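S.K.: Take a look at the letters that make up each chain.
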Amino acid sequence: MAVANAALAMVGGIGVTMLQRQRNQLYSFMAKNPLGHALLRSRRDFSARSSSSLLPPDVSRLAETARIALTPDEVEEFAPKIGQVIDWFGQLQAIDLQNVDPALRADAESNNLREDLPETFDNRESLLAAVPTYEKPYIKVPKVLNKD
Amino acid sequence: MIMASICSRVVFSRSLLLCPSAFLTRRNGALFCTMQSSGTQTVTKGEMSKTPMEALPRKQTKVHEGMLKDYEAVIGIETHVQLSTLTKAFCSCPYMYGSQPNSTICPVCMGLPGALPVLNSKVIEFAVKVGLALNCELSLNSKFDRKQYFYPDLPKGYQISQFDIPIARNGFVDLDLPIEFGGGHRRFGITRVHMEEDAGKLLHSENGTGSQERTFFYKLSPGLGSNMKCFAMVTEFAVASFQYFDSIVDFNRAGVPLLEIVSEPDIRSGLEAAEYAAEIQRLVRYLGVSNGNMQEGSLRCDVNVSVRPIGQLEFGTKVEIKNMNSFSAMHRAIDFEISRQAVLHNEGQVDEIVQETRLWDEGAQRTITMRTKEGLADYRYFPEPDLPEVSLTREYVDKISASLPELPEMKRRRYEKMGLSMQDVLFLANDVNVCNFFDAAVEKGADVKMAANWIMGDIAAYLKNERFCINEIKLTPEELAELISSIKNGIISGKIGKEILLELVAKGGTVKAIIEEKDLITDPVEIEKMVEEVIAENPKQLEQYREGKTRLQGFFAGQVMKASKGKANPVLLNKILLEKLNANS
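Heads up: the sequence lines are chains H and B, in that order.
For what it's worth, full-length UniProt numbering labels the leading residue of the first sequence as 1, then goes sequentially.
For what it's worth, full-length UniProt numbering labels the leading residue of the second sequence as 1, then goes sequentially.
These aren't lab readings, by the way, just hints derived from the structure by calculation.
Please read all numbers here as calculations on a predicted model, not as lab measurements.
Incorrect hints may appear among the rest.
Taking lysine to any residue and the SDA-like style, the derived pairs with C-alpha atoms no more than 25 Å apart in a straight line are [said to hold, decoys possible]:
| id | chain 1 | residue 1 | chain 2 | residue 2 |
| --- | --- | --- | --- | --- |
| 1 | B | K201 | H | A129 |
| 2 | H | K136 | B | G297 |
| 3 | B | K201 | H | A130 |
| 4 | B | K529 | B | T550 |
Turn these sequences into a full structure, and let the hints guide you.
M.R.: Printed below as a string of structure tokens:
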């Protein structure tokens, strides 16, 4: 799940438009991410290299942070798949950032704000209907116990 | 990090009984507590005492009080303040404490695929207000980040927060310690203030023992589901690594804006910590950005406490304390924890102090292990891709800065300069509504000390009895000022003043109208007549008076007042009385 989430963020935030600045953001994200960190360690020079040189993701660790139990077989099965996603992002490293100023965020505009005016979402029924176990008025969830 | 709070009346102990006993025996005490990790107040006493290293009888801590002076506590506090905006942080859902559960939700705060957050402008305004009020440096450019963690009260699977660039940092707050604890002024550093969203409210259901729906949690967490591919992965992954049984969630609170205020580790005692929290509460109430209500969870404090031998530079192992829902509980919880750690230091058992989260048990008046720290939390922060940068202009900040009200510290210093005692200053400045009332009365010409006395005495007593806020009473500051000047000018006695006050407070009206209604005697001829009668009736006392026992003037004044049924103008009465008493001597 964490893998998926991280990958998703990369897809949503970076992968699509591939603004040059966004590469910086990807790096800053990766620096704080165990997986990304491992990647950065091997790619400090930011230069364009074949993505095959990226370190393989530590799937067991990622699964743990995502509260997912994987069998060794599954780890083996998913590692290359996740690796493929990461390699996809590896393409970003081919971009020449020589003349690009570092930016806090990728988007040019800022402050897309709204007024503090309440508006009730009028299709709450369908929202609640999608909940597998809704027992009016509460949503039932499993209680999660950490194993460690 | 936000922890889900659990309703205080949860029947956790009951649901425990419903569990198969094997459940309990399979788990050690620490694990049991881990299960409670999101809770704030539900661990049952029986369970608590099972944990072996808890034993520290209160008596023992008393015995070791002398030993405490060899050690120093280092305390830092994280305060979550729920902002009183009309809508949530990133969607237009209204938020009202106590609404029907799951009534104020929408695709954004439920994290449905495709829903995009849009920041509420009030959140920035309130954050800037608090940042300025805490003397912070503001980041003109900041951003939001995603903090990933998995818990059923967090629909998206991440919390939108601010990580490396908070909106405000490097500030401080000044406060005065209460006189009854020895007084003193303190300044505590503020590390940072950042904006984030609240999680839903997790409650434990009464009858839940065995739902085994494995993929359930994931279906409910569409944060990861804004992409179907990913959703597929998730269901594939779902394996029984958890124990399940039912909890229930109210998502009304999910997405409600919070400010997290982090203090520097400058605090040294339970008293200082409680006063720091009280000052934060005053501050947000003065600013009007939060109701600061601890019972409703609008103000939540997580406290980190470590103890070190005096002179040692590095900090001791820090322990986090939660579940304190009043300032006095904070005070006691922290002092307990300091003693507990100091005793362990003193007995050479420093290793027994472990990094953990402890809960304050109000019943037993001690802290108990909730969970040991689960390694280094790995939140995998990264910039929130769905929200743009937050930019503030200088003009915007200056405008807010100019609009800030007088803050508690300024108020206290001003009252002090007005000549009020620290006791009065702290009482008045404690409540912004009381201050406003007092200030208005003084502005209308009320004597400062007398206004303070009336407010702290009869008015406060009335408020307490009737459970009213000072804004809710019928007495206006103008009339309090009028009443005070009437007493000061001798138009009415203090006793009548009190009667009038109580009438004004309950029914309203004006001092003038009530004085008229009361038919007060202000005619000198009438008063003279009564004075003469009283003197004639008390020849013995008159003689004694004239022999030098002038204190008896009070006796005569009292008799005349009594004869007038309290209605004589006291100044006229005393003036005439004195003339008469001294007439023939």
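S.K.: Against this structure, judge whether each hint is valid.
M.R.: Evaluated hints:
no.	hint	result
1	K201(B) <-> A129(H)	20 Å, holds
2	K136(H) <-> G297(B)	24 Å, holds
3	K201(B) <-> A130(H)	19 Å, holds
4	K529(B) <-> T550(B)	21 Å, holds
In the structure shown, no violation is registered for any of the earlier numbered hints.
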